[in-house]
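Student: Residue-level listing of the chains:
Protein chains: 2
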Amino acid sequence: MNIRYYKQKSFSNYSTYANRGMSLEHDISLANEFYRINDIGIIYKKPTPITIAKVNYPSRKEAIIKEAYFKTPSTTDYNGIYKGKYLDFEAKETKKDKYFPLENIHEHQISHLKAINKHGGIGFIIVRFSSLYKTYLLTIDKLEYFLNNNKRKSIPLEYFEKEGFLIKEKYNPRLDYLEVIDKLYFDGGQNESTN
Amino acid sequence: MNIRYYKQKSFSNYSTYANRGMSLEHDISLANEFYRINDIGIIYKKPTPITIAKVNYPSRKEAIIKEAYFKTPSTTDYNGIYKGKYLDFEAKETKKDKYFPLENIHEHQISHLKAINKHGGIGFIIVRFSSLYKTYLLTIDKLEYFLNNNKRKSIPLEYFEKEGFLIKEKYNPRLDYLEVIDKLYFDGGQNESTN
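Going down the list, the protein sequences come from chains Z and B.
Under the working numbering, residues 116 to 310 are what the first sequence spells out, in order.
Under the working numbering, residues 116 to 310 are what the second sequence spells out, in order.
A portion of the hints provided could be inaccurate.
You can't tell identical chains apart in this list, so a pair holds if it fits in one copy or across any two.
[To be verified] Result set (DSS-like, lysine-lysine): computed pairs, CA atoms no more than 30 Å apart in a straight line:
hint, residue 1, residue 2
1, K285, K176
2, K186, K283
3, K160, K257
4, K283, K181
5, K266, K285
6, K207, K176
7, K169, K283
8, K210, K176
9, K169, K266
10, K277, K266
It is worth saying that the hints were derived from the structure and are not from the lab.
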């Protein structure tokens, strides 16, 4: 495969640990751009849902939103297609170092991911423990199993270590989460003929 | 299959032609809700992309966007999953009765649909000729063929009649576009075992 590397303008003096301060959202955005440019997969972040209350039109072509409110998202933040499969996930960061508080994920987002799974898509969450510099992928199956068997309001780090998959830090893309998807759903990436 | 009908609050005196004034977006929204409620498919409209310039926080829990601008969408309006397949489409209405002006669809939206197709998804556009009360589904393949073989800045109605698929008006959902997708990709809906 011919990989074209995405030009990381601000990363000229790149070192493995240099961008540890980068947000999870930024890392996923770079990964998605890398996947698109190299024709690996088409995955986007959905726009933030808002309710618009007031719009001004100072000129015919221009519109300025003067009043709007954030809405609770009805689905997850990311979706797209990879090797013919529908992909859908939510990504969250926590500063806690021993557990991930479940209040970070809405119940209807979990129901959405379950429905995706049922319809033949690949649903998961990506959770970053920012103080540990560790990012895990947890499939909706494993998340559901935890929720059905626990009354805790958080998922302990050990559960991610045991049932999730650590997304290894790479050069480019830094957060290659599709590598985990390959291992889980596409026979380690060896079976590429799913389209 | 057990079909639960979506309660159409405002449609108590429903007749086939009663809602002809309804917008395409509204019809698709009702269809998507019907598909979700009946567990047929999970398809959503993406939120309108905006750039937020100013946010006020009158209280700790409340945020009011005081200045924002509409962004050109980088993808299409709708995507989701149906019978294990990734679905992606753009929907447009025109008041013209003989042709559909191509300026209604951005070039990068067409590129996006082509990429979806290439990665094994189902990409298409839905076009409503509102003065004719007719709504067509045109696959990205057929759209691409037209663009490659024409220099016109619009697609004539005849092309939709010949190469597209008329979405028949039904009781519920009114605009059952997945019926066309069934005919095209799932052997008329008889092959249901694609998950």
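Student: How would you classify K283 and K181 at a CA-CA limit of 30 Å: within, between, both, or neither?
Tutor: Neither, since 43 Å and 40 Å both go past 30 Å.
Student: Reference check for the pair K169 and K283, CA-CA at most 30 Å: within, between, both, or neither?
Tutor: neither (45 Å within a copy, 36 Å between copies)
Student: I want to check one pair: K160 and K257. Are their C-alpha atoms no more than 30 Å apart within a copy, between two copies, both, or neither?
Tutor: For K160 and K257, the Cα distance is within 30 Å both inside one copy (23 Å) and across copies (28 Å).
Student: Cα distance capped at 30 Å. Does K186 pair with K283 within a copy, between copies, both, or neither?
Tutor: neither (33 Å within a copy, 34 Å between copies)
Student: Is the C-alpha distance from K207 to K176 at most 30 Å within one copy, between copies, in both cases, or in neither?
Tutor: between (37 Å within a copy, 20 Å between copies)
Student: Between the shortest in-copy and the shortest cross-copy C-alpha distance, which are at most 30 Å for K277 and K266: within, between, both, or neither?
Tutor: Within one copy only: 19 Å inside a chain, 58 Å across chains, cut-off 30 Å.
Student: When no copy is specified for K169 and K266, does a C-alpha distance of 30 Å or less occur within a copy, between copies, both, or neither?
Tutor: neither (43 Å within a copy, 40 Å between copies)
Student: Classify it for me, K285 with K176: is the Cα-Cα distance of at most 30 Å met within a copy, between copies, both or neither?
Tutor: neither (44 Å within a copy, 38 Å between copies)
Student: How would you classify K266 and K285 at a CA-CA limit of 30 Å: within, between, both, or neither?
Tutor: Result: close neither inside a copy nor across copies, 36 Å intra and 46 Å inter.
Student: If the cut is 30 Å between Cα atoms, do K210 and K176 qualify within a copy, between copies, both or neither?
Tutor: between (44 Å within a copy, 21 Å between copies)
Hint violations for this structure: numbers 1, 2, 4, 5, 7, 9, all remaining hints satisfied.
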